[in-house]
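Line order of the protein sequences matches chains R and V.
Counting from 1, one number per residue, gives the positions in the first sequence under our numbering.
Counting from 1001, one number per residue, gives the positions in the second sequence under our numbering.
Each statement offered as a hint is correct.
Calculated lysine to any residue pairs in the SDA-like style (CA-CA distance at most 20 Å, straight line):
#1 R/Lys128 / R/Tyr168
#2 V/Lys1159 / V/Val1296
#3 R/Lys313 / V/Leu1130
#4 R/Lys313 / V/Asn1104
#5 R/Lys313 / V/Asp1100
#6 R/Lys128 / R/Phe107
#7 V/Lys1207 / R/Pro206
No lab work stands behind these hints: they were computed from the structure.
No experiment lies behind these values; they were computed from the predicted model shown.
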Amino acid sequence: MATILIRGGRLIDPRQRLDRVGDLLIRDGAVAGIDAASRAVDRTIDARGKIVCPGFIDLHVSLRDPGDEEDETTNTGTAAALAGGFTSIACLPDTSPAIDNRAAAEFVILQAARARNCHVYPLGAVTKELKGQELAEIGQLVDGGAVGFTDAKQSIANSEIMRRALEYTRMFDRAIFGHPEVAELSHNGVMHEGFISTLLGLRGIPSAAETIMVGRDLALAEITEGRLHLMTISARGSVEQIRRAKREGVGVTCSVTPHHIALDDASLRTFDAAFKVSPPLRTQQHIDALIQGLQDGTIDAISSDHQPYTMEKKRNEIDLAPFGMTGLETLLPICIQSLIAPGHLTWLELIEKLSSAPARILGLKQTGSLETGMVADVTLIDPDVEWTIDPEKFFSRGRNTPFAGWMVKGRVETTIVSGEVRFDRGKLVRGEAAGV
Amino acid sequence: MSAAIRTETTWTRKHILGLEDLSADEITTILDRAAEFKRQALAGEPKSELLKGRVIANLFFEPSTRTRTSFALAAKRLSADTVDFSASGSSLSKGETFIDTARNIEAMGVDQMVIRHGTPGAPHLLSRYLSTSILNAGDGTHEHPTQALLDIFTIRQHKGRLKGLTVTLVGDILHSRVARSNIWGLTKLGARVIVCGPSTLIPREIKRLGVEISYDLDAVLPESDCVNLLRVQFERQRSAFFPSIREYAHLFGMNSERAARGKDGMLILAPGPINRGVELTTEVADGKQSVILDQVTNGLLVRMACLSLLDQARDAPR
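Chain R with its partners taken away, still in its complex shape (with noise of 0.2 Å):
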């Protein structure tokens, strides 16, 4: 394998706390250290004005292989997370079928063998067929390589089931993760209940919906000693209670994504179902409570939450377009846009919320830092280029994004993964010129 010395590069790495310029030696996969000297080096990349980080790390996201393959397959969703700057990705159990049982685990690991882009972790199915009624067979899932366990955007709507997989899942010390919602006070909702929803006739999902099951679910986490994970939180009153929770010592972690932070209820004016999503797009309020979550730390994660469509799918009326947007290819611009630029976060907070966080939540130990002796997952990003977000050149299936057209800053230069470069500058590389 090739040894890579990265050069001169903003090296920030939340683990360590470190964030100054220097040199970063890649050696057999691994980082063999930081300014670092290596007398064969095969390659030297010029970092110069770059950020050189861990490599991101995506809680959730939607693979669509088995199942849905005009949606996205292993193949183009793995290259997305590349040109994302992803090094890893967990992906959720919602395929067809769904990802329940060992066999299937496995599936999607050699899917990811075979695409050879970034490492995939597969979320097993807490129930069979997620169908919130009988426990999946976790302990197989968990020899199958499951990371972590969820039904996916079903809420386990049975209190009964939620408190035996977070007592089940101890043993294994996986998460649990949740979608919170009540599907009873979300039923056919389409958006953000509010003055907009009033506004529109869209009938709306009140952020209710969200606050009680959030509240049920650390409820259970608390009495079960289990371990939680929200994805995808929204409302003003999840990261309350989540704070809450966290100061009494809750096994709780949460995530949100940028365009919940980026986007309100305002943009379903347009009736465009590209702004449909779960949980829908709300208010400032609940905006400036997600940002200063984030800010203390009670948000500990940033996902894309990755939900490709073809567009016959998704260019609908907006009440039979599914719900969710691609992300993989748009979270770095849009988290500067809405968190960097305004100074809502450093770059070494967002970096932590999209790499060491998510591998702590992942239990992944050897990934998310720059420490010696870790995979060689390593990001580079220009932070100034300016650039226009053009879906048709995603390499996701999905083209369902509500940012195509807008300008944006900073992109992601090159992505390598285990010690090979695998994306830069805009192109897959493969083979020989990955360094293999």
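For chain R, the structure is supplied; the task is to place chain V on it using the hints.
This is chain V only, laid out in the frame that chain R set:
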């Protein structure tokens, strides 16, 4: 003859998607145009040749009898050719999106499209993909501009003005496109609007549109110059918003007693189709305060006005 209609009236808007978008002047222009058609009809010339040679497509993605018939007749009165398309349920079930369906019909050489759809914003979405003029004939629970225009036209016909009048909209405000369009139109023309109905069917945020909220019909009747009794939309309700129809009629149904309690000369409107015995009793529906049939007649005039004005802007960019 059509020469009686003053087509030099300024109209530049390509689509009529809702009264939220229209200015007070534009609304008045439509009402005045409808009044001209009325004068012509009274003079024994109900038919005009203003839209001769034009093609109007009526796309109804949701069942409708009255609005559909009214639009069809309005087009005929203007001498336009019409194409009708109706689909029950989603066109998606046939593997085609509704945008594809509309594009196909547009490709047949259509000048204007009248669209009724069960989803809010469907006509707005189409207006971004099509180059023809689009007239919203009701989009889900969002807007129904021509219905509100005919309600307002009827009020103006009987009261001579809108400014300073108090109009009370009664019933299911939450699910009513008629209510939303009426609120925009009435407030823009200077009327005071009260929305009155069960608290489960009045979204509290509606206040921000400049209307007053009441849950007590008997209390607001003495202040009301007009009441508009919205249909209880049983088909749009997913769960119990009120305990029973009987209780609804007891609290909000218009009967002779309540009709008599109104302000002197109080008009009773209902966009229909009415559920007799629920929103109003038969006596009231057929009584002397009721202008329900005037509304139907005026609907035709208002739709002729909209179609003829949109034709003036047919070459405007989307």
